[in-house]
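Read top to bottom, the protein sequences are chains A and B. Take 509 as the starting number for the first sequence in the working numbering and just add one per residue. Take 509 as the starting number for the second sequence in the working numbering and just add one per residue.
Hints were generated in silico from the structure; no laboratory data involved. These numbers were taken from a predicted model, which means no experiment stands behind them. Take the hints with a grain of salt, since some may be wrong.
Copies of the same chain look alike in the list, so a pair counts if it works inside one copy or between any two.
Dumping the calculated DSBU-like pairs for lysine-lysine here, alpha-carbon to alpha-carbon at most 30 Å [to be verified]:
id : residue 1 : residue 2
1  : Lys660    : Lys519
2  : Lys882    : Lys760
3  : Lys815    : Lys836
4  : Lys897    : Lys660
5  : Lys691    : Lys554
6  : Lys533    : Lys649
7  : Lys746    : Lys535
8  : Lys649    : Lys660
9  : Lys815    : Lys919
10 : Lys815    : Lys554
11 : Lys520    : Lys684
12 : Lys684    : Lys519
13 : Lys660    : Lys882
14 : Lys535    : Lys520
15 : Lys691    : Lys533
16 : Lys836    : Lys533
17 : Lys649    : Lys836
18 : Lys554    : Lys824
19 : Lys882    : Lys520
20 : Lys882    : Lys986
There are 2 protein chains.
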Amino acid sequence: MPELFGEISLKKDSDSPLYLQLYSKIKEMIENGILSPDYRLPSIRKLSSMLKINQVTVVSAYRQLESEGYVYSRPGSGIYVSRFPGNPLTRSQAGSLMADELYNQDDLAIISGGNIKIHEGTINFASATPTPDTFPVEDFKAAINEVLDRDKGSAFGYHESQGYIPLRECLCDMLKENGIPCKPENMMIISGAQQGIDIISKAFLHQGDYIITESPTYTGAIAVFNSRRAEIVDVEMKEDGPDLNILEYSLKKYRPRLIYTIPTFQNPTGYSYSIGKRSALLDLADRYDVYIIEDDYVSDLDFEDRKYVPLKAMDKNSRVIFIKSFSKIFMPGLRLGFMLVPERFHGNLLEAKHTTDISTSGLIQRAFDLYIRKGFWNRHWNFMYNVYKERYFTMINALDRHLPGSVGYRKPGGGLNIWLNVDYRSWTESLFNRSAAAGVLFAPGRIFYSGSHPQNLYNIRLSFAAVYREQIEEGIAKLCEIMDSLQKDNHSPSNLPIL
Amino acid sequence: MPELFGEISLKKDSDSPLYLQLYSKIKEMIENGILSPDYRLPSIRKLSSMLKINQVTVVSAYRQLESEGYVYSRPGSGIYVSRFPGNPLTRSQAGSLMADELYNQDDLAIISGGNIKIHEGTINFASATPTPDTFPVEDFKAAINEVLDRDKGSAFGYHESQGYIPLRECLCDMLKENGIPCKPENMMIISGAQQGIDIISKAFLHQGDYIITESPTYTGAIAVFNSRRAEIVDVEMKEDGPDLNILEYSLKKYRPRLIYTIPTFQNPTGYSYSIGKRSALLDLADRYDVYIIEDDYVSDLDFEDRKYVPLKAMDKNSRVIFIKSFSKIFMPGLRLGFMLVPERFHGNLLEAKHTTDISTSGLIQRAFDLYIRKGFWNRHWNFMYNVYKERYFTMINALDRHLPGSVGYRKPGGGLNIWLNVDYRSWTESLFNRSAAAGVLFAPGRIFYSGSHPQNLYNIRLSFAAVYREQIEEGIAKLCEIMDSLQKDNHSPSNLPIL
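Okay, chain A solo, but in the shape it has when bound (with noise of 0.2 Å):
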């Protein structure tokens, strides 16, 4: 069979990109049926070697062809041709998980190292993140070309740092009404939350400044701050959030700069702050001049009619900056959130915004202002709420039904993600490996603290963002008889943890 590829022509003076091209051709030959599913395609290597190209190019091509379920990939054994290349649910799921474990390094390439592949029809908790199927495209291109055709060059030009006025008006007045007072001129356009944690770190964080953050703690947070080489100074998250005495130790102790807070269906656990908590932070920022940075991802995810207030909402004394994302509810790869800058604070802030990349993309502004005017936002919001409180019911429901006894978790009444406390060592890591064998992927705890802490080894985080309803009935199921039969394993003494 591999005369046949050698017989594959690509054209490097055309239009279509040379991977484009050869995923053409590739697909064509398992949908005449030359290719028989379960084939082995060559290697990377030899493929590019055959045809004369960059192996980056052959990659590329696969990778098209397994996000469009036409091949999947086997751990450490290569890429073969898959059994129903014509499945639209796996097609698009495939997609996503593809997504997640090339671009989404905050999910699968911390997790495995990248050493997991996924399988075709992998089941996907690890991802926090939507799913392409759900990107309103058509909408989002109709106002890009309304701004293209109302603006022109404009579109184009340099725009401000603190970002496009218009959108800036819009977005304060959705706050308003949600009960955030907000004026526009306290708002700054960011390209995605990450950018805005990683500003305010420039701005405020030196080498050997103490940061205080949650344990557990999104781990993009991380990073940014062990880049700075700021200290982190963590603090356990409880279920209503963290002890207050041991906060106010950390306080005292180490005088940090900034308090990092995800006070609102916490990632990765979910839980939530009480509203005694939140006033009681706030007190403690002002007795001890520290500022917090309020990352709210997904409070607006309430499922439970919860109702939680956000700090930014309670903030009398302007200790807080307030960082929104886009990024769970829309698409991820527009790179846009906005932040609620205290007035003494602008001129730091917009200096590192500026030096860091000038402005976000000024279409992409334009056009998401248009996209919020036109109506567009508040529909695509109420979709993606009840799609995802769907799953995150259909999870709730699993989990009542099949988790062992020993395994524990507290429903968090909204977001993405639910955190499970498991009772043995040895646990995660070989839960982890028994199902990813399995088809079942979930984010072990351990990779979202950032010293070493006890409370590494027993939880695992469980996102329902990027699954259906069907694979999380599934999945559960699965993933619980492997706790189960891990459990009985593990009741042999030899085999209890080393505390």
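With chain A held as given, fit chain B onto it using these hints.
Chain B only, in chain A's frame:
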């Protein structure tokens, strides 16, 4: 007349942003002659309270009117109706000037501290950025639409931090044609050259580390190195590159981690390294184990056949991190550029990019990829090359005719800037003020120095990126006239420089 403004009615629930509604109403009043030329518009505060809208909304509307030439502002006085709102040249020129004043902070904001307002018809030699009338909006729009039809949701998913592979492939092909060896694996897509400098600093520079830069140099780079609290070691940029003995002395004494250089058509001087100094620099980097950031922002704008070879093309021992910007040829608001990264730094720089903004906008990357593959890029590059070339020679000729004998400069042979050496301490400041009052702006040399430096006061940068041919003639004549008169004033002994 104020009652006229009080009657303006705006619809809060409309699709159209409030500022655009307000802009349209005022524009109509101007076009219908209700407001006559030189009529002073209500102040921002007044109009916002009259209409019960945000001040930002009024500012935006006035800016939009100004950018289209309907109104102009007078320093410290107010906003007035233009005399020739219909003049298309004025209009598009005013647009570009506004964009500079408001957005291109490395230019005017820094120079003037925000105090200098741009009149209608101001000749702006301070901006090194192309004007929106040169942007290929329609072609890029076609590329975006084709990409969205082709890739759908995938265009908006998370993208690889390193950049969209097909784009890296086709940029590598372009580079190879220009003699720079290149593999897609070593390329990283960035959100503009500014981000490249920022990412490298994040990965390499810590508080107290030394970095060598040319003096003077790009202000955006100085700001980044300062934000890392690095120690900047200046080495004077001579007409053929820095003095090698001083450079070596600095390498020995400070043991820096990095050298930041713009070897071809340097910003702000326009000077280029001789071929001998290029290879000597690479040798020194080897000998003192230091890495070089080569900021290539306009080396392709070679108008006098100088054929300078980029350091990266001579870089046998992988000492050079090469940064390429598209902002000067293409559209600065896209926020797109790339870096070539030696293999050993892949991990560090990818992590720095990832913690900065995860990835550059996937849609913009995909659209630019298609734009190149369709041949649009080559066509646009040729267009811009010819536009800039004409402006270059126009400026050289005007300078040769008008410049007082005591003011010297070296013909750069390409790029976008010309660096004049003036000879009296009092000159650049009084020159700046007098010529701004006469409607001619330039960038005083002092802003391009990181520390204090006697040279600060003896140079000015003239850019020809944002001015039309006729404006160059007129502007240089005016400027030289002011120089002449200043020179006469300053010949009285009381005005001799205090050294």
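Alpha-carbon proximity between Lys649 and Lys836, which holds within one copy, between copies, both or neither at 30 Å: Result: close both inside a copy and across copies, 19 Å intra and 27 Å inter.
Intra/inter-copy verdict for Lys836 and Lys533 if alpha-carbon distance must be at most 30 Å: Neither: 35 Å inside a copy, 39 Å across copies.
Same-copy or cross-copy closeness of Lys660 to Lys882 [CA-CA at most 30 Å]: Both: 19 Å inside a chain and 21 Å across chains, each within 30 Å.
Homomeric proximity label, Lys660 with Lys519: Cα distance no greater than 30 Å: Answer is between; shortest inter-copy Cα gap is 25 Å, intra-copy 34 Å.
Alpha-carbon proximity context of Lys554 and Lys824, limit 30 Å: Result: close only across copies, 29 Å inter versus 64 Å intra.
Intra- versus inter-copy proximity for Lys760 and Lys882 (alpha-carbon distance at most 30 Å): The answer is neither: 49 Å in one copy and 62 Å across copies each exceed 30 Å.
Alpha-carbon proximity between Lys815 and Lys554, which holds within one copy, between copies, both or neither at 30 Å: For Lys815 and Lys554, neither the intra-copy (57 Å) nor the inter-copy (39 Å) Cα distance is at most 30 Å.
Identical-chain pair category, Lys897 with Lys660, by Cα at 30 Å: between (40 Å within a copy, 25 Å between copies)
Intra- versus inter-copy proximity for Lys836 and Lys815 (alpha-carbon distance at most 30 Å): within (19 Å within a copy, 49 Å between copies)
Intra- versus inter-subunit Cα pairing at 30 Å for Lys882 with Lys986: neither (44 Å within a copy, 49 Å between copies)
Lys882 and Lys520: within-copy, between-copy, both or neither at 30 Å Cα: This pair counts as between: shortest inter-copy Cα distance 13 Å, intra-copy 43 Å.
Same-copy or cross-copy closeness of Lys535 to Lys520 [CA-CA at most 30 Å]: within (19 Å within a copy, 51 Å between copies)
Of the numbered hints listed earlier, those contradicted by the structure are 2, 7, 10, 16 and 20.
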